[in-house]
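Chemist: Chains as they are written, first to last, in numbering that gives the first Met the number 0: chain F, 0 to 335; chain E, 0 to 665; chain Y, 0 to 277.
FYI, nobody ran anything at the bench for these hints, they're computed from the structure.
Here are the computed distance ranges between Cβ atoms for each label pair:
(1) F/Glu228 / E/Arg8: 31 to 41 Å
(2) F/Gly167 / E/Thr101: 52 to 62 Å
(3) E/Ala240 / F/Glu228: 41 to 51 Å
Straight-line distance between alpha carbons at most 30 Å, and here's what the computed DSSO-like set of lysine-lysine pairs gives:
(4) E/Lys33 / E/Lys174
(5) E/Lys33 / F/Lys244
(6) E/Lys174 / F/Lys244
(7) E/Lys33 / E/Lys203
(8) E/Lys203 / E/Lys662
(9) E/Lys203 / E/Lys174
Partner residues aside, some chain E positions facing chain Y, computed with beta carbon under 10 Å:
(10) Arg401
(11) Thr404
(12) Glu427
(13) Leu429
(14) Arg430
(15) Arg431
(16) Leu436
(17) Val439
(18) Gln441
(19) Val463
(20) His464
(21) Pro495
(22) Ser507
(23) Arg510
(24) Asp522
Quantities reported herein were computed from a predicted structural model and do not represent experimental measurements. Note that CB positions come from ideal geometry on N, CA and C, so glycine has one too.
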Amino acid sequence: MLRYVAIRLVSAVVMALLASGVIFLISNFVPGDPVLAQLGDILASDPAVVAQWRAKWGLDLPLWDRYWIFLNGLLHGDLGISIATRRPVLEDIVQYAPATIELATVSFLLALVIGIPLGVAAAVWRDSAVDAVARAVSLLGVSAPTFWLAFIVLAIFYGWLGWAPGPGRLDPIAFPPEGGTGFFLWDTAMAGDWETFQDAAAHLVLPAIVLAAATLGLITRTTRAAMLECLHQDYVRVARAKGMKERVVVLHHALRNALVPVVTLGGLAYANLLTGAVMTETIFAWPGLGRYTFRSAAALDFPAIMGITLVVSATYLLVNLLVDLSYAMLDPRVRR
Amino acid sequence: MSAPVLDVRGLVTVFHTDAGPVRAVDGVSFAVGKGETLGIVGESGSGKSVTAQSLMRLLDPPARIEGGEVLFEGRDVLTMSRRQLTAWRGAGAAMVFQDSLTGLNPVIRILRQVTEHVVAHGRMDRRAARRHGIDLLRRMGVASPERAAASYPHQFSGGMRQRVMIGIGMANDPKLLIADEPTTALDVTIQAQILDLLGNLNEKFGTAIVLISHDLGVIGTICQRIVVMYAGEVVEEGPTAAVLEDPRHPYAWALANAVPRLDSPVAERLPGIEGAPPDPLAMPAGCRFMPRCPWRLSRCGAERPPLVEVAPGRLARCWVTADGRRLPPRTEPLHAKPPQPSTREPLLVARDLVKHFPLPKKTFFGTREVVHAVNGVSLHVMPGERLGIVGESGCGKSTLARLVTRLHRPDAGDIRFDGQDIATLNGEALRRLRPRLQMVFQDPYASLNPRMRVGDILAEPLLVHGRAASPAEAAGRIASLLELVGLNPAWAARFPHEFSGGQRQRISIARALALEPSLIVADEPVSALDVNVQAQVLNLMLDLRERMGLAYLFIAHDLAVVRAFCDRVAVMYLGRIVEEAPARELFAHPAHPYTVSLLSAVPEPGRQRIVLGGEPPSTLRLPQGCAFRARCPVAQRVCAEPPPLTEIAPGHRVLCHAPGSLKGAA
Amino acid sequence: MPASRLRRRLRRYGLAWAGGAIVAGWILVAIFAPWIAPFPPEAQDIANRLAAPSAQHWLGTDILGRDVLSRLIYGSRVSLLAGFSVVLIGAAFGTAVGIIAAWLRGWGEEALMRFTDLVLCFPPIILALALAAALGIGTTNTIIAMLVVWWPKFARLARSLAIVQRSQEYVEAATVVGLPQRRILTRHVLPNTFGPIAVLCTLDLGIAILTFAGLSFLGLGVVPPTPEWGSMIAEGRELVEQWWVATFPGIAILSVVVGFNFLGDGLRDWLDPKAASR
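Throw the hints in and build the complete structure from the sequences for me.
Modeler: Structure representation (structure tokens):
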């Protein structure tokens, strides 16, 4: 088992390196020019300025040298300097990551806590009102554009009803909590600063709901389908023939099997939440990785993009590994 | 007879399908006494399994029980409340299902599955239940029960899983055990073990058993009485021996006689009844068997016959026998012509064939495991000869079929077909040879492309090999092909899903015949079919051999079928042929201990059986010496050495150190 | 009981028909946009900017006084075009890769599938963002960026389907009667993988349209002032008081995606009646 984990970890690192290598190649063969994106038209028309600028960022070196510099830096935990923010990419990522992780985790838990029971209930009482609700939720969840949903909830709960605070992680006048992990809920709770805790929690509600919508839809749909499948299996029939109570049949015999595909999907969904919060973060002015990604992409800030790709692919692969491991816990057939 | 444990009266179960209501069980009545064993037999779609599940009220919508009573010790199961039902199931009565792979929950440990209902029914606390569970597994013959209890279902073989399933059923010492096709998925030697176990339970604990099966042989081995079902109705009921020897309903007659049996004379043709069961959506008004009945009277079409007593203790639903008459005995069939000794060159010669399949590596650095499917097989087939290959699942017989037809390429050894070496032939050369060497597959549902019309399926080979210049020319050939296999030529325009299993197998045969082959390799061609249809397809294949001089390599697990069909038989075990002889000789004087036990394991009423312990060893590791050594009742020390191939009679070769040392008990 | 039979049929395929109607409706709207739209999509009427829905402007006007309904109607062209090109080209390429991989076996299969895995391990949004940004704003470039991340799932599906196919008895039967490999691949294997791929395509069309709108929302999809649903929402996202500017394009996207979902589910049930009865 340990050896298996080790092998998977090594291959994850290799894959992540390959991925950033591909981004590196893309950055060198595409028509977009970061110089133009950064300097603006007027400065870019002066060849001397451009040349100086290129030399400063190492853009005049040959391709392999630059990749070598990148890899070399990587070994020392250096992901390079962002062209747009002029700060080390790693520093940027470390600064923005907690906001994203906090948001993604809350959304994910929300989706799990609602989605799984809803899916189970829908399968057990098929074609009932619960089922109709579950199907509607899963359909709207996967069909509604996130950025539009964000607009709608902001318009209704912030603009119109005034129940929820506006964009951002905290009130503009509030001070960010001390403690410095960057997870505001954690930091404020540790510091006992319940006022700021409330503020942070309130700011989290709308973006979390919006971000959870698609995942909730997927999890509800998958749970329902998997439960329907499992409830028709012979072993469920056997459990009934044994005289087990329906509650035990559903929750013990069927659900344990149905969770296997849900876990796979859930893991991927969590990875997507970590990386795919671009739109939600943009609309809610959430200072996380998503917004950073978007800004870097728009500015063709390739050092930043490469850094993000590396970190994000590594996360992706790590989550995948965790999924496979929990898979083995749920399903003895894949244990080795 | 004391008060029955189970008394079913007028049970009606209806499936509300999109096409309309189907009365799958239509007024079924029977009773099972204390300690009695009752068999319910019928072909697929006869309603026997639905009956079983109705008894436990296990059916889901769209199926609904719409009439009758199921009295268990006088209490009607059909009117029990949900709570009462839960308390009764698994305690008063229990059920064993056909497929132990899907019947056991893959993610729950065996012990929990065996004992959870002991605890739930309040019989014992967890700790006592644990001891009880392990004890139960031991009684069911599960090897090393302590370890087994902590394992998961996928770690067991089919036979062991079925023992666990029976253990689950017996955990609360129920008065009644309903077993729905409990041995259908198992090999004969394992089937014999399970039937023995069921028989013992009945004898030792007085558990009443309802055994449901399509196989009269299985039912005949352990049941005292038989209920025969057809199209949702009981058509005959009576003591086992009486029904088997003197059936009073024509369908029961067909069932009893269509099955090739080891103790009946070898016939050229099997008596089978043509036709198929009626459309469940449009049942005939009169007798449901009338359209297929060779003895029908004018009355049969108009009036539905009642189930009446035709002899003391015997019921039948038939106008012909209602007055106590018997059905004519089975006409003694012609004896098979002995195969003409041929001096010609053999058509197919295979020598020392080997095929191993490497499994995907489990881990990157792990060692690659290898399935040793075929480990040195030599055989030959003469022109016009029928060679049978028998063996249990995993013995390599299907791989052998695919080697001979060059779907697989052998790892070693050579194959000569009509004098030409084909073992390493490739591409165009192999394709040109293919027309002469055809194959019929096992699964009639998988062997025809679902997206092609039957006409196109048959035309394709003709056009590709230039046997027909145009589709129009092919159409004429196809019509005569369909006619040849007993199908309506107009059906060429239909798609495969519009045909029944038997008809599809005929289409498969027509495809094989289209190119006028000299050898047909048939891989279990009838094992997926009901007995009646099986007889029809076997008869067709016999006819074709007579008419076209075909040679067959016939692969099957069913010894009786092989005996009925083949001139010569080879028995395979773990990728080797262990015995080979003319059919008559092999069945009369089996010499290899494996052949002897295999023959004796075939469930037929009144046979004494040698029940082999254990299971075939894994094909992942080849045993040293004799492959059968571990299970052989007469193994000696010398068996650790590779056994010699000895010819003990003309054409009778055995791979054994002591051929003939195990005597059949029959 | 014909009434209950009708009900059952309606329940099984009613939604699929509804989905088909929605999709067909939008396709017609896209084709006949110039005839249906009451105003030219780019005609500005500054005096009448941000007007609420009225008899003249059914869905109101935007910040430049352009008719929201007309822009919505024209916007369907870009969205549908983008959705269909991404999915059809992606599916064709991916399916080809998958089937070839399954048929090559050995190291050819290994190489193709490892490459597929490599693309799959990219976070799709980031790759598309980076590509779209690098290639420059514009419909074609965005479609290309999406294609790069789109094909691998089809490759995986097609390969697994083809692997199932290659051990099917009817494929073995086709080999035994001596059909050439190419004919087996095109006449037997390919048609039988078609169903699940068509289902995935249909379901994916909605997701592709959604993704394209998302990239447009971020400012990558289309060059303004081309009307496009995602960019319309982006233009209206600050306008909480003038809710109509952003709300209606969102509803349009939602309806198309729901339509393709219904259609895809219906198609799956129709192709696999066993799954539908569950």
